[in-house]
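Visitor: Please build the complex by placing chain R on the supplied structure of chain C, with the hints as guidance.
Sequences listed follow chains C and R, in order.
Just so we're aligned: the first sequence equals residues 1 to 939 in UniProt numbering.
Just so we're aligned: the second sequence equals residues 1 to 939 in UniProt numbering.
Honestly, I wouldn't trust all of these hints.
Where chains are identical, the list cannot tell them apart; a pair therefore holds if satisfied intra-copy or between any two copies.
Unchecked claim - Calculated lysine to any residue pairs in the SDA-like style (CA-CA distance at most 25 Å, straight line):
#: 1; residue 1: Lys694; residue 2: Gln522
#: 2; residue 1: Lys850; residue 2: Gln713
#: 3; residue 1: Lys880; residue 2: Gln867
#: 4; residue 1: Lys377; residue 2: Asp633
#: 5; residue 1: Lys656; residue 2: His687
#: 6; residue 1: Lys883; residue 2: Gln867
#: 7; residue 1: Lys694; residue 2: Met712
#: 8; residue 1: Lys793; residue 2: Thr95
Because the hints were derived from the structure by calculation, they are not lab data.
There are 2 protein chains.
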Amino acid sequence: MASKKTAKRATAAKKAVRKPAKKAAKKAPRKAAAKKNVKYVYSFGQKTDGDATMRNLLGGKGANLAEMANIGLPVPPGFTVTTEVCTYFYDNGRTYPESLQSQMETAIAKMEKEMGTKFGATDGMPLLVAVRSGARDSMPGMMDTILNLGLNDDSVEALTKATDNPRFAWDCYRRFIQMYGDVVLGVQAGPDEDIEPFEGVIEGFKHEKYGKDVIDSSLTAEDQQELVKRFKELVKVRTGKGFPTDPWEQLRGAAGAVFGSWMNDRAMVYRQKYGIPAEWGTAVNVQAMVFGNTGETSGSGVAFTRNPANGENEFYGEFLVNAQGEDVVAGVRTPNPVAELQEVMPKSYKELLQVRKKLEKHFKDVQDVEFTIQEGKLYMLQTRNGKRTAAAALKFSIDMVKERLINWETAVLRNPADQLDQLLAPIFDLADVKKAKQIATGLPAGPGAASGKIYFNAERAVDAEARGEKVLLTRVETSPEDLRGMIAAEGILTARGGVSSHAALVARQMGKVCVCGAAELQIDYDKKILTVGKQKFKEGDYLSIDGTSGAVYAGEIKAAPSEIIDGLLNNKKAAQKTEKYQNYVKLMGWCEKATRLQVRTNADTPAQTKNAIAFGAVGIGLTRTEHMFFEGDRIDAMRQMILADSLEGRQKALKKLLPYQRKDFAGIFRSLKGLPATIRLLDPPLHEFLPHTKEQQMDLARTLGIKVETIMQRVADLHEFNPMLGFRGCRLAISYPEIAEMQARAIFEAAAQVEKKGIKARPEVMIPLVGFKKELDIQTAIVHRVAKEVEEKKGVKLTYSVGTMIEVPRGALTADEIAETAQFFSFGTNDLTQTCLGMSRDDTGSFLGKYQEEEILSANPFASIDQTGVGQLVETAIEKGRKTRPDIKLGICGEHGGDPASVKFCHNVGLAYVSCSPFRVPVARLAAAQAAIEEKRAK
Amino acid sequence: MASKKTAKRATAAKKAVRKPAKKAAKKAPRKAAAKKNVKYVYSFGQKTDGDATMRNLLGGKGANLAEMANIGLPVPPGFTVTTEVCTYFYDNGRTYPESLQSQMETAIAKMEKEMGTKFGATDGMPLLVAVRSGARDSMPGMMDTILNLGLNDDSVEALTKATDNPRFAWDCYRRFIQMYGDVVLGVQAGPDEDIEPFEGVIEGFKHEKYGKDVIDSSLTAEDQQELVKRFKELVKVRTGKGFPTDPWEQLRGAAGAVFGSWMNDRAMVYRQKYGIPAEWGTAVNVQAMVFGNTGETSGSGVAFTRNPANGENEFYGEFLVNAQGEDVVAGVRTPNPVAELQEVMPKSYKELLQVRKKLEKHFKDVQDVEFTIQEGKLYMLQTRNGKRTAAAALKFSIDMVKERLINWETAVLRNPADQLDQLLAPIFDLADVKKAKQIATGLPAGPGAASGKIYFNAERAVDAEARGEKVLLTRVETSPEDLRGMIAAEGILTARGGVSSHAALVARQMGKVCVCGAAELQIDYDKKILTVGKQKFKEGDYLSIDGTSGAVYAGEIKAAPSEIIDGLLNNKKAAQKTEKYQNYVKLMGWCEKATRLQVRTNADTPAQTKNAIAFGAVGIGLTRTEHMFFEGDRIDAMRQMILADSLEGRQKALKKLLPYQRKDFAGIFRSLKGLPATIRLLDPPLHEFLPHTKEQQMDLARTLGIKVETIMQRVADLHEFNPMLGFRGCRLAISYPEIAEMQARAIFEAAAQVEKKGIKARPEVMIPLVGFKKELDIQTAIVHRVAKEVEEKKGVKLTYSVGTMIEVPRGALTADEIAETAQFFSFGTNDLTQTCLGMSRDDTGSFLGKYQEEEILSANPFASIDQTGVGQLVETAIEKGRKTRPDIKLGICGEHGGDPASVKFCHNVGLAYVSCSPFRVPVARLAAAQAAIEEKRAK
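Pulled out of the complex, with its shape left as it was, chain C reads as follows (with noise of 0.2 Å):
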């Protein structure tokens, strides 16, 4: 998950910077900046001169307390130095402009005079401020804050006459000291220090005084002025200078830290993964202190204006009586529910629920806020939009609209595609998930929760399910031989391969939960144990899984299956009842509404296929036909052909595949009702349906009554140095054109049978691997010879083309070619991607983590497309594609038509379908829907 967010940031990202750069280039020259009349600082509060679309100039928290400012709400007077200082301050050798100090001196003038203090006095209550970087986005790895700026050994005493309680302003003092020492000044723990330096003073002087470490709220005033006399020695020390004594050196300071931390290297790392260009710079935000701690009438609180969690429209957050906002997220004291407020300071909390519906009318987006009660009135201190679950994101989207808040378009835009599938998996209960015990992660492959016992080969899990067991089929990697344990399980777990592996794929295919590459997993097939570290788990033992996080969990852990898959799929009576559901289809209609993509599906089965169906496909983008040869008995008719001999030896073989491959594509064919269904024909390599070990084989020997060495020898013949690159896709039709000719046969005999039965079939017949016009053209006159002899034998008239899957780069250079042949394109992109990136799927695990650490790759390439790379082989195909057949039909199946990044590029590059396994359908039709509204606001 954590790579498809950082991919999308990353657009995000960088289509943020390409506009604001164009922009820059008209402007006027930097230089241009340095003039005196150039606003620097913008002042909010009671005369506010910013507001929220100026976030570029002020930073996004900046802009939001203008605009909060602006709409009358509460907030603590102060100002915004501008990004603009940031660019003049490293274009000028780390200056600021002459302008900046006569600025600032009028900006907090106004702030003296609002809040009725002084900026260092020593006279009468002291304005103190808080200080905080604040760039256009959010920014890890800046400077944070430092509160209380102003005080000094004068101020400190003109405070605690102020509010008559020195314990509480020496504790101002004593925090500031620590801040500013610690992020200005650099007093930090050097390599050899395992404390803070600050933290150590303190640890020490308890231990002197009190003889143990005590809580720091019994430290008294007197302590804590103790301690404001050793913290500015340990300055001193660590230094060589004094604590700076005068307020405007203290924010010149403060702001000059701000603005050193925009270039330090965890910023520097940040935006180069983000593609933030340096230009950008960082605002500083100027606030008067409010103090949430000075009593009983005082407190501090961070809340949303709804539930993030499940969505319903209640206040949610907590607050503490009397402690400042750091405390509510500090955890030393429990915080209480912000309801609770009511009964402590009614006043402030019907304040607030005002606050509250002002901000969503204003930002039409649920919001996150901070605010500060100071002897009973409220300030608000921060407000931006909310983060929250898929079912909320859900939920508000869909109230809103209701609300007249956003519009449907809008409310499509606020449902972020690639959390959809959280919406659909089964779910661990978040109690026994903390009670459980976590002892390894994998690659999240298939959304959802599952436990079971674990079994460690297809045949004995398939028993272990016919017993009545729930089962966990686990294995060091799994193959198409596996396919039957796969079925009986309840989840896949793997110790090796990747998010693209078979495994991974399978499952997704199956919406069978799945975690796959779980790397500490050590498994002994012989000996029936997994080894994770010193824990082992035997056959029938209990693992738990969860395919969203990744996370593996010893013992069992009960799941619940979504409300949304039970009324989709079984139930839709009760479904229709939950709210959850609604607004589940109700979202679906408005995608629909706004697409232009299609979703198709990829099946192999008509339970598949029927699910997809429900999902909201229109067809099947990809059947691969090969599956349907691991079922039951097929396997050995399907041997029996690779072993064969001689043609007769193949086509006797094959002859008895016909009327299973027939009865499938009947099958599907019914389930389609007349949809399209894109079937490819045999693709993956022979050895992958041979036995491979001696026990197997002798089986098998035993089975077709033919020589143990014989079987040998032909897995021998058939292995590979990469089989990815082999003996493989229509190379295996080129070299037995009899079995193109039995499929071809079995597909429009099955098509022939559902027509006389009154259904439509419209099968496209889809030749793989094509790298060479001729390659298609030989087996394109296979099939449209046996379609014609179906024809006549069946007198029925067939509707069906013929295409090719794009998935060697050579085919999408010569497209052109290929399109005199090929009705139709469907991009390969996981093979496309394994060739144009020259990575196996299956090997990356070795250093992808390295690439991604390096920022080599954004994301993992085969989860979400590479569009550099592998999209200009699709757009170069596409080109050429509709030169020679301007109304060639072009699709994308695999992996990629279910993640949102990838569908969008599909919508953009002007793709008529995305194909994606069944659970994948609903993700990969609303990323189709934001697409297209995007797309339209773009205009």
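Guide: What follows is chain R alone, placed relative to chain C:
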């Protein structure tokens, strides 16, 4: 060899296609050809209408007959029906233009006049004609020849009378019916017949009359007459019609058969293969018969104007007295050397010598002629450019420049580049080969001849060589572990793998003789036995291999080195006295004068480098550093590095490798004497360096003092499904930057070392398998840092550059980005072919044959670059790379650099150099020069 020739012809054919096609488009529409005034018939003889330039209209044979007539050579008169008639024939429902008959009548009349005979004469000597097809290029599959046309029951009597030779006359008639019946009337063996029908009649007659099979020449006139009778009956039975008696009907029938054969299956397949358009059509040549079989003053012969085997300027051929042309080549009687004609028919011989001189002077090339002497009078029946060996081509070309027949540029073009290695390879004596028993055929992978005792593993091969034995390393396939064995061997023989397999690649680089992929070989490593069919060869038995043809022979055959190789590498003084060496040097001098594309070499050792420079390489295009790790004890340090589980462990092992690498590089720089060397950092998957048998793993465990389980685990961890697409190339040093660091240090320290000795070092550091700019950035930063460190430490200024190999499609597609960092691109077209086509070079064996048979591939794409697909990526990368960095250095490394067609492609797309194995350097230089000359001439 075949495939290369094929590719070359295909290219030539394609070129030939384009131009006429354009011309045709400018011409008036084809229907114009139907007009009455169009000339369809071109006579030759005393008065000749055509000439040699009219190939397109008259076909090759017709044009050359006209040309010979034009220059006064004694050509039997005749005429050519133009290719336009063929086109008309197919455009108009197999009918002829109206005026054709009258034009033919006129032409026949001319022939009658010149010969003093009459077509279909019943009195006096009848005019008999030969009818032959003749397309622009000679084309197999088309109708060949019908002789003696014009005979019927009446004219045979006239012929008997005129020649006073009934046996001759009836023999002519009998042969005519047989040929005409077969070719024109289609009286051929049915599917159940095992003998041609006419031959069956002859055999039956012989047994009937003589009770046994007697030779044809013992048949009497009466016998022939009887056969004529039976033949005519046969025709009647088979076709339902009598044999045509009207000479004009016979003539029209024969012409129709020629035109008909233009569209037969074989001809169509051939045209498709070589891209010859159907519109070309064929001409029909009708020529007066002359007879070499009329007695002792008659005869027939075939001859070359110079010796096509060794190039000597001597008349070379054979003749038979009292025989027709077909008898000379049929092999029933043994012909005499043409020189003996001087004694038998001195006048004709003298005349023939004059013809020889005239032909060469006129055609400016060695001619292959057919002649007939009829009663002392010489007739020339055909001339065409003679086929020749590489040795002959060299001598012809040099001699003809001396004789001022051609200029030096033409001389360069006259040497087929793909045959040049014949001149450099050691060769078996032809007589010995004839006596030897061929047991298998593989792919010709390293030219030359080698004989030795077979050994099945590297270690035993090395031991045997140390004992002074000549060794043939014989393996199923080779891997880098076999390197020492390959060095020790005279030649390498493998049962699996293509012309770009490891064995082939390394063999060519070393200049070793190699036959690979000889699939008939069954090797049992355990029993140390090689089985071919029923024959068994044990370790130490002699085999001989011809790496130029791919043949494998039982037993020992002596081989001798080429004088040229000997002169270039060893014994220049002696070689300089030989004409072959002188000629070679002269040719290469011309090549140097003509060429634009430079030729570098792939070399890993000083010895290889020296060889390559002797062959004319101007630098190294590819040093594969990993090969260096297999020598001596280095492999242990390498293995230690791979097995280390920490950075420190790896660094420790790398420290051991550093001095070895530095020494290697210093040696290479010294050999290069200032020429540049592109050095590729570590590329292959690490598992290639680890031992794979339990025994070897135990050994290694002992050597390194670690547990064997650790080694087994690491081997298992490094196992990959598709190693070609796995953890290799720069992916290794992205994960373990210390490897790149060590290699860079070794390179630069070596450079500093030799520079201090006054020798310039010009390393070009190449980062392999780059698909993302960032990969290159990371690696380049390491290289620059190390360079700077070495410069400072050693006090030298280094001259070097850093670039990358473009070998995955993504690298080519994002070449604009990559060129921001890369100072040069070297196209790794081996891997680029594998990824672009999705075909592993090691795994194409199972379908490549079928693909060539089906014409999907015209050549092995690993031998000759796929210009349409891979070529497109190369062109894209060049264009994009130059856009970013106009002076980017562009080259190609990998085996395509030694393939003439690929070299020409590289010239045409504007690369700066190709790089190939040392022994291919001359081939590449010749091809590069030819490309430059062809380009100049095309302007």
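Visitor: Determine which of the earlier numbered hints do not hold for this structure and return their numbers in increasing order.
Guide: Numbers 4 and 8 - these are the hints that the structure violates, sorted from lowest upward.
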